[in-house]
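Q: Sequence:
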Amino acid sequence: MRRSVELQIITEALAKMGPHTPATRIWGRAPGATAEQGADGNVWAGDVHDVALHIVTRLYGRPSDTPDARSPLAQAEDAKRARSLSGELNAIMDASIALASAPWHPARAGDVVHVHYEPAGTMPPYGETYAVEPRDGFPDSLQLCLIGHTAPDDSMTGFFAPGPIEEPLYEAWFEAGPHRLTIVRDGQVVHNGAAPRPRPAGVMLKALGETIGEAERYLELGDPAAALARLRSVTSLPPCGAPGAMPDHADCARWKNHGGAHSPDADYVDPPHACPALPEQLHAVVTVGAKVAGVHFAGLYAEYEAAVDHAAGFAAYADSLDKRYVTPAPGAPGEMVLELPAENERAAFGVQLAVVVPLPVLPDPREADWRDQEGRDACAEYDPDYGKDLDDEDDDGDQDGEDGVAQ
1 MRRSVELQII TEALAKMGPH TPATRIWGRA PGATAEQGAD GNVWAGDVHD
51 VALHIVTRLY GRPSDTPDAR SPLAQAEDAK RARSLSGELN AIMDASIALA
101 SAPWHPARAG DVVHVHYEPA GTMPPYGETY AVEPRDGFPD SLQLCLIGHT
151 APDDSMTGFF APGPIEEPLY EAWFEAGPHR LTIVRDGQVV HNGAAPRPRP
201 AGVMLKALGE TIGEAERYLE LGDPAAALAR LRSVTSLPPC GAPGAMPDHA
251 DCARWKNHGG AHSPDADYVD PPHACPALPE QLHAVVTVGA KVAGVHFAGL
301 YAEYEAAVDH AAGFAAYADS LDKRYVTPAP GAPGEMVLEL PAENERAAFG
351 VQLAVVVPLP VLPDPREADW RDQEGRDACA EYDPDYGKDL DDEDDDGDQD
401 GEDGVAQ
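Position one of the sequence shown corresponds to residue 1 (UniProt numbering), numbered consecutively onward.
Take every hint as true, because none was put in to throw you off.
Below 25 Å or equal to it, Euclidean Cα-Cα: the simulated SDA-like pairs (lysine to any residue) are:
| # | residue 1 | residue 2 |
| --- | --- | --- |
| 1 | K80 | A100 |
| 2 | K206 | L73 |
| 3 | K291 | E343 |
| 4 | K206 | E216 |
| 5 | K80 | H179 |
| 6 | K16 | T57 |
| 7 | K80 | R180 |
| 8 | K291 | S320 |
| 9 | K323 | F349 |
Note that these hints are calculated values from the structure, not bench results.
All chains, please: the whole structure from these sequences, using the hints.
A: Rendered as structure tokens:
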């Protein structure tokens, strides 16, 4: 039953609202009713299960005992119209995982695929049958070829031939739906759309983990288009494969249909991804308790106004307290000193002091050593005689001891 998990959770929550015996029936009162009115104030009563069913219907739609008869593409389009990005992605991901994890996947030459359509309006039910055959001009690639149908009009068939190069069944699987497909291999039915086999949970979780991991890698490289393409793809994105600039250069290893320059490096991004620079100063929200057992860092913000807004939530905060208790450290540029109040000085309990402490972001002290090492690595071998040929010349170009006046 669809939404059975949600229905069970809500039913249990309603039944266990009281502190004692689980409820079986719920009474509702009018907005103006009071407890003294007793039953006179009750305006309705309902069984716990019926109330839970009403809530589930309002949240997720009416539950059904039959499987969803919509194709994955139709489910995604309905979710898109409902402005549900998660619903759209779930429909695509579920169908992709179901196809990739099927025990008969991938398709093989010689497979027979039958697509059945239910009656719609004045259109009677009909079916069409395809054969999986090698694709001409594309080694190791397959295609769908229409071999028969029962439609009243030839123009209503053959839409799924020849199919995508990467997976000939992809369009039929997503547009018609797996519940309308029957696939026969070597005389045996390997996929019966009317009675689909349950997918192993381990296979589904593994495929989902791989998909999310690869999408995260594209996001870390600063390429959200590739991440979205991976989420919509059944398998890993194929490489671009564009030939290198020279015969000895490797082909492009970036994902197919990428933007920017080609590269043999699969992780190359054009333009290169740059991490944002750190702010020049941070602002810490610090509180001190009445017992002064220590200080509590309540938050760290890049903007001063954000830190003040947080600190203002404490009754013990005031702008004047920042100037009184927070001062620059004498003789230590970039460091701040927080003067601690005495125990119970400003309050006898709770937070007695809240301040905003500005903290400049200092450069890494190791950077100078790194630059020196880079400079030494870049220098050529030391020449002890370099520049000695200029030691015997004056600023005017004469030899030492000559004043430039002719004798």
